[in-house]
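**Q** Sequence:
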Amino acid sequence: MTPPAHPLAPPAARAADRLAATAALWVACAALAGCETAPRAGGLTRAQVLDVVKDRHGVRDGHPELYAALRAGVTRRELEEGRLFEGECGLPDAAQASGMRWLTVTVLAPAGLRLASGSVVDVRGLRAAWPAVDGGAAPRWHGVYAGSASALGEAAASALSPRPGAPCQAPGEPPGQWRVKLRGPAPAWAFDFAQAGLRRLDALRDSDLAAGRVLRLGCQLKVLDGGDWYAPVWVATAPEALRLRVGDVVRLRAGAEAGSKDPDPPAEVLERLAGVAAPGGHALVRCG
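For the sequence shown, position 60 matches number 276 in our numbering, and the numbering has no gaps at all.
To be clear, the hints were calculated from the coordinates, so they are not data collected in a lab. Please note that a few of the clues may not be correct.
Listed next, with one range per pair, are the computed distances between beta-carbon atoms [to be verified]: (1) R330 x P479: 18 to 24 Å; (2) E456 x P481: 18 to 24 Å; (3) P481 x S314: 37 to 43 Å; (4) R467 x A332: 26 to 32 Å; (5) R421 x L260: 21 to 27 Å; (6) K438 x L260: 36 to 42 Å; (7) D418 x R292: 17 to 23 Å; (8) G352 x R293: 16 to 22 Å; (9) R330 x R415: 29 to 35 Å; (10) D267 x D480: 20 to 26 Å; (11) E484 x K270: 15 to 21 Å; (12) P479 x G428: 43 to 49 Å; (13) R330 x T291: 28 to 34 Å; (14) G289 x A332: 50 to 56 Å.
It should be emphasised that the depicted structure is a prediction, and the values quoted were computed from it without experimental measurement. By construction, the Cβ of each residue, glycine as well, lies at the ideal position given by its N, Cα and C atoms.
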């Protein structure tokens, strides 16, 4: 590659450099001609209603498995130290085909304690990010390490460890204490995404959720010539006078995308677009 002309070079040489740079820019633009970018916060776009949200627990924004831990005050430093673990256990639920409802549980371990994936631990101080709308058990919980079932001996730990059909409440455990099988430590990089998602969901009003005004919306962008697509998704609230259903197409003021760590304000539904139909199937309405 020819080096750029020196600042003190003759004007003709500097002009040639500018022409070369301009040509390179046009080549880059041509290469990206098949790409589209997601609407920026504050910009207007078409979007399609994907879901009518009635429960914050049903919105996958950021890393919802960490919401209860953040609500309990777990810090980024504790994740960086490898002290927060993800695990699961089951509660009896006749509505499930297996008779068991599996719950995600994060567990904060004491500083310096090493826990291996697959460890079975006792957990106390359990709490969810929000109560379940139906009054049942929330799907995701957080608690504090209260001891290891491994201390009971290998045979006892195996007998008491959660397995398909086994409840969180092991025989002899005190009320409010669960036995949880750990999957592994929660990644520290997920903290910012979970924090942003929790902030967005906390901003939703219970009255809007109950009235069906909180929506998940998306649109489709062309990323590369050849058929690749990207679909940004937002969680937004519709005006009180607007009753929307899945598949409706609206004019949206874009905001922070769901699943991002973007601090921008939430998206806002402005109006239903009459005469614009959703494409059907797995396709979404085009952004713009």
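**Q** With reference to the structure, classify each hint as holding or not holding.
**A** Each hint tested on the structure:
1. R330 x P479: 18 to 24 Å: violated (35 Å)
2. E456 x P481: 18 to 24 Å: At roughly 19 Å between Cβ atoms, P481 and E456 fall inside 18 to 24 Å, so the hint holds.
3. P481 x S314: 37 to 43 Å: Since the Cβ atoms of P481 and S314 sit about 42 Å apart, the hinted range of 37 to 43 Å holds.
4. R467 x A332: 26 to 32 Å: Given range 26 to 32 Å: violated, Cβ gap about 52 Å.
5. R421 x L260: 21 to 27 Å: 24 Å Cβ-Cβ, so the 21 to 27 Å window holds.
6. K438 x L260: 36 to 42 Å: 19 Å Cβ-Cβ, so the 36 to 42 Å window is violated.
7. D418 x R292: 17 to 23 Å: holds (18 Å)
8. G352 x R293: 16 to 22 Å: At roughly 34 Å between Cβ atoms, R293 and G352 fall outside 16 to 22 Å, so the hint is violated.
9. R330 x R415: 29 to 35 Å: holds (32 Å)
10. D267 x D480: 20 to 26 Å: Distance hint for D267, D480 holds at roughly 21 Å.
11. E484 x K270: 15 to 21 Å: For K270 against E484, whose Cβ atoms are near 20 Å apart, the range 15 to 21 Å holds.
12. P479 x G428: 43 to 49 Å: The hint (43 to 49 Å, Cβ to Cβ) is violated, given that P479 and G428 are roughly 27 Å apart.
13. R330 x T291: 28 to 34 Å: violated (20 Å)
14. G289 x A332: 50 to 56 Å: About 26 Å separates the Cβ atoms of G289 and A332, which means 50 to 56 Å is violated.
This entry does not satisfy hints 1, 4, 6, 8, 12, 13, 14, going by the numbered hints stated previously.
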